[in-house]
Amino acid sequence: MLSYILRRIAATIPVMGFVALFVFSLLYVAPGDPAAVIAGDQATPQDIERIRQSLGLDRPFLIRFGEWVWQLMQGNLGKSIFTGLPVSQLIGQRLEPTISLMIVTLIMSIMIAVPMGVIAAWKAGTFLDRLIMAFAVFGFSVPVFVVGYLLAYVFALEFGWFPVQGYTPIARGFWAWLDNLILPSIALGCVYIALIARITRATMLEVLQQDYVRTARAKGLGQRSILFLHALKNAAVPIVTVIGIGIALLIGGAVVTESVFAIPGLGRLTVDAILRRDYPVIQGVVLFFSFIYVIVNLLIDIAYTFLDPRIRY
Amino acid sequence: MDRRMLLKGAAGLGAMAASGGLSRPAISQGAAAKTLRFVPQANLANFDPIWGTQYVVRNAAAMVWDTLYGFDSNLEPKPQMAESAEVSSDGLTWTFKLRPNLKFHDGTPVLAKDVVASLARWAVRDPMGQMIIAIQNELTAVDDRTVKWLLKKPYPKMLLALGKNNTPIAFIMPERIAKTDPFKQIDEYIGSGPMKFAKGEWVPGAKAVFEKFTDYVPRQEPASWLAGGKNMLIDRIEWIVMPDPATASSALQNGEVDWWENPISDLVPVLKKNRNISVDIADSLGNIGSFRMNHLHPPFNDVKVRRAVLMALDQEEYMRALVGDDNALWKPLPGFFTPDTPLYTESGGEILKMKNLAAAKKLLSESSYSGQPVTCIVAQDQPITKAQGDVTAELLKRLGMNVDFVATDWGTTGQRRAQKSPPGQGGWSMFHTWHAGADCISPAPYNAVRANGDKAWFGWPNSEEVEKEVSNWFDAKTLDEEKVVMARLNKAALDHVVYAPTGFFLGYQAWRKNVSGITKGPLPWFWGVSKSA
Numbered sequence: 001m002l003s004y005i006l007r008r009i010a011a012t013i014p015v016m017g018f019v020a021l022f023v024f025s026l027l028y029v030a031p032g033d034p035a036a037v038i039a040g041d042q043a044t045p046q047d048i049e050r051i052r053q054s055l056g057l058d059r060p061f062l063i064r065f066g067e068w069v070w071q072l073m074q075g076n077l078g079k080s081i082f083t084g085l086p087v088s089q090l091i092g093q094r095l096e097p098t099i100s101l102m103i104v105t106l107i108m109s110i111m112i113a114v115p116m117g118v119i120a121a122w123k124a125g126t127f128l129d130r131l132i133m134a135f136a137v138f139g140f141s142v143p144v145f146v147v148g149y150l151l152a153y154v155f156a157l158e159f160g161w162f163p164v165q166g167y168t169p170i171a172r173g174f175w176a177w178l179d180n181l182i183l184p185s186i187a188l189g190c191v192y193i194a195l196i197a198r199i200t201r202a203t204m205l206e207v208l209q210q211d212y213v214r215t216a217r218a219k220g221l222g223q224r225s226i227l228f229l230h231a232l233k234n235a236a237v238p239i240v241t242v243i244g245i246g247i248a249l250l251i252g253g254a255v256v257t258e259s260v261f262a263i264p265g266l267g268r269l270t271v272d273a274i275l276r277r278d279y280p281v282i283q284g285v286v287l288f289f290s291f292i293y294v295i296v297n298l299l300i301d302i303a304y305t306f307l308d309p310r311i312r313y
Numbered sequence: 001m002d003r004r005m006l007l008k009g010a011a012g013l014g015a016m017a018a019s020g021g022l023s024r025p026a027i028s029q030g031a032a033a034k035t036l037r038f039v040p041q042a043n044l045a046n047f048d049p050i051w052g053t054q055y056v057v058r059n060a061a062a063m064v065w066d067t068l069y070g071f072d073s074n075l076e077p078k079p080q081m082a083e084s085a086e087v088s089s090d091g092l093t094w095t096f097k098l099r100p101n102l103k104f105h106d107g108t109p110v111l112a113k114d115v116v117a118s119l120a121r122w123a124v125r126d127p128m129g130q131m132i133i134a135i136q137n138e139l140t141a142v143d144d145r146t147v148k149w150l151l152k153k154p155y156p157k158m159l160l161a162l163g164k165n166n167t168p169i170a171f172i173m174p175e176r177i178a179k180t181d182p183f184k185q186i187d188e189y190i191g192s193g194p195m196k197f198a199k200g201e202w203v204p205g206a207k208a209v210f211e212k213f214t215d216y217v218p219r220q221e222p223a224s225w226l227a228g229g230k231n232m233l234i235d236r237i238e239w240i241v242m243p244d245p246a247t248a249s250s251a252l253q254n255g256e257v258d259w260w261e262n263p264i265s266d267l268v269p270v271l272k273k274n275r276n277i278s279v280d281i282a283d284s285l286g287n288i289g290s291f292r293m294n295h296l297h298p299p300f301n302d303v304k305v306r307r308a309v310l311m312a313l314d315q316e317e318y319m320r321a322l323v324g325d326d327n328a329l330w331k332p333l334p335g336f337f338t339p340d341t342p343l344y345t346e347s348g349g350e351i352l353k354m355k356n357l358a359a360a361k362k363l364l365s366e367s368s369y370s371g372q373p374v375t376c377i378v379a380q381d382q383p384i385t386k387a388q389g390d391v392t393a394e395l396l397k398r399l400g401m402n403v404d405f406v407a408t409d410w411g412t413t414g415q416r417r418a419q420k421s422p423p424g425q426g427g428w429s430m431f432h433t434w435h436a437g438a439d440c441i442s443p444a445p446y447n448a449v450r451a452n453g454d455k456a457w458f459g460w461p462n463s464e465e466v467e468k469e470v471s472n473w474f475d476a477k478t479l480d481e482e483k484v485v486m487a488r489l490n491k492a493a494l495d496h497v498v499y500a501p502t503g504f505f506l507g508y509q510a511w512r513k514n515v516s517g518i519t520k521g522p523l524p525w526f527w528g529v530s531k532s533a
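Protein sequences, first through last, are from chains D and H.
Number 199 in UniProt numbering belongs to position 199 of the first sequence; there are no gaps in the numbering.
Number 450 in UniProt numbering belongs to position 450 of the second sequence; there are no gaps in the numbering.
One or more hints might be untrue.
Unchecked claim - Here are the simulated DSSO-like cross-link-like pairs (lysine-lysine), alpha carbons at most 30 Å apart as the crow flies:
#	chain 1	residue 1	chain 2	residue 2
1	H	K397	H	K304
2	H	K331	H	K153
3	D	K79	H	K184
4	D	K79	H	K179
5	H	K513	D	K79
6	H	K513	H	K179
7	H	K273	H	K513
8	H	K331	H	K273
9	H	K103	H	K199
Unchecked claim - Pair by pair, the computed Cβ-Cβ distance ranges are:
#	chain 1	residue 1	chain 2	residue 2	range
10	D	Q89	H	L92	45 to 51 Å
11	D	S25	H	D454	31 to 37 Å
12	H	Q380	D	L2	49 to 55 Å
13	H	N137	D	G56	31 to 37 Å
To be clear, the hints were calculated from the coordinates, so they are not data collected in a lab.
We put the CB at the ideal spot given by N, CA and C, even for glycine.
Could you put the whole structure together from the sequences, leaning on the hints where they help?
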């Protein structure tokens, strides 16, 4: 297993290399100029050209890419064109809010969605099943920003239970931290809950038809024991897979959620950087997300071996 | 229901709740009364007001860096760091003396050598500064408090250049910082203004923090824009960047922020209904909407085509698209200069009052236009440009022109408009923008009205007559002389159609009622602002 893990981690390096090259090439050919943004609306063409030269944006693609890779090999993601701050510092500043948002969303979604899917499968065809699946369709269909505004109106403006916006670092207290994350996590989690609940239901329906479940019932085991101890464990592999795939959904959704709730996370950093053509930041963030995605997939693969002893690496 | 309607609806419900007693105070506010939380117009993405000339950078910099002179609300330059200024009888030698006891935020005294280095860096990037460099003999520090600027020919607008509030402002920095190449960004933010920048708390894209500089010695006169005594009544100012207007609106209603610089017009009615919120015009100098035509290539290299467009356009259509039904927010502008300012003129403005499509079509048929596509670039991530672009596309179609509407983002627009190649080869025919009214009070800070060909702003208009009048204005010695020249300049610029003004419009700002001292101006002034618990 250890050698498998090491191989997988080593395999991330060429993957990230390709991602880096791809992103760098895309940015090079994409229209837009950070110098024009820096110079502002009143700048003259001469100002823009001077800024381009001072930033080295007038140099050939291969030289710029080579310099960036060389920096990367030394563990340096470069500096933001706009702020002049190191990209690693900018990512570090934004990491905690995004990771916090994703963790709270993930935990909350699993705690809600898995029981929902199990109950829907158990009560398949009933009103309860249809109600749960209707919620799942709603969760899938309604955009994150709509849910976000509604939550902010009801629970922040009307009831005053939660703040509308912002982020409090966990160092300032667990509850203060959680206070800022509950509404955005619900908004972000809707799609995720729907996805996991639907997969859980479908997989559980299949498992509940299996002979060993029938045998368990015949032996007189309780419904709760059958559902959660026997069936759910055997249905877990596809559920864990979809949880892993869903991390990409979370990353995408975080961009919108962070804007709606003014959370200073990586999603907003990425959008701002793209709009300004802050190339080093875009490249750094994309690499970082790629790395996270690869690691999450590795963890999911490892989880398989615990859930299904037949799986070996 | 589109996103804009939803924003309006959600915020409307919020206002109803907040004003109708449905709401309870949010449990998560709790900031000290001496901390002011401000939502700026945009993200503070960098903090070098000479290198990057965005308004948001200037606005933040005005707290941190002081100036020798500063515009007051009458648009007159008044001494700020300067104790006195003298000009020799031949107009060739300017001598500035600094106020005593000025200090930078790092505790070092402000010296004449700091002023020399700062003015030298500023002058490279500023159009008026460049004019001064062109006639400069020497800029030197005579002693610790005295600066001499020796010129080859008189420059009557010197104090205007040093006190103006359009970007880049002539901020004074410590010499070691000011020696940075003007095309490279500084990384130390030490000024001598009334607030210090808390660099350690800066999260670009999210938050910027300013703390009171306790050693600041304000002037004894009342504050007036950049002039007078900048007395800080707030200990800490937090700029909280909110990209989503609905969130900013909700945060203001919930008391999580105190002051929102530029609420969008859709949300203003909602804010006005809230009994805890004040709403007022932000800046009575407002803005001038515009679209710029490319004078280098067909069809707009033909003045008849440009004039045909001007004849047909209806400024009310543009202004309605920008500000909706609120008549207090706009007025027609048959000229280029800011209404209600001393040099305002409507001379030659008849063409903008015509709104005559038939006459415009006739003129277009007499022109060289032969149906080629008009590449109209619109930055749709900026609501002001998008709204104007939509109106222009309709206008050109009605006029019988073939519109190639390119909706893109500001980053792309900014790059493409700098291209001089023909529209079909990566260039452009027209793009939309707007100019702050504060920058359009005279030709000095006003790039867009110049018509000096290759050196002109994007679109590169070329008119000897316009340039002659600009030059005459710089040489004018009295206000009356200036007014005469300005009338000729406005007419010449309209005859040549340097650009197309789409109207004059204002914007609102909104703040919690426990905040007082907020005044109107082209920048948010923080001195004199206080906040009760």
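How the hints compare with the structure:
no.: 1; hint: H/K397 to H/K304; verdict: holds (17 Å)
no.: 2; hint: H/K331 to H/K153; verdict: violated (40 Å)
no.: 3; hint: D/K79 to H/K184; verdict: holds (13 Å)
no.: 4; hint: D/K79 to H/K179; verdict: holds (21 Å)
no.: 5; hint: H/K513 to D/K79; verdict: violated (41 Å)
no.: 6; hint: H/K513 to H/K179; verdict: violated (44 Å)
no.: 7; hint: H/K273 to H/K513; verdict: holds (13 Å)
no.: 8; hint: H/K331 to H/K273; verdict: holds (25 Å)
no.: 9; hint: H/K103 to H/K199; verdict: holds (19 Å)
no.: 10; hint: D/Q89 to H/L92: 45 to 51 Å; verdict: holds (49 Å)
no.: 11; hint: D/S25 to H/D454: 31 to 37 Å; verdict: holds (34 Å)
no.: 12; hint: H/Q380 to D/L2: 49 to 55 Å; verdict: holds (52 Å)
no.: 13; hint: H/N137 to D/G56: 31 to 37 Å; verdict: holds (35 Å)
Checked against the numbered hints given earlier, the structure breaks hints 2, 5, 6 and satisfies all the rest.
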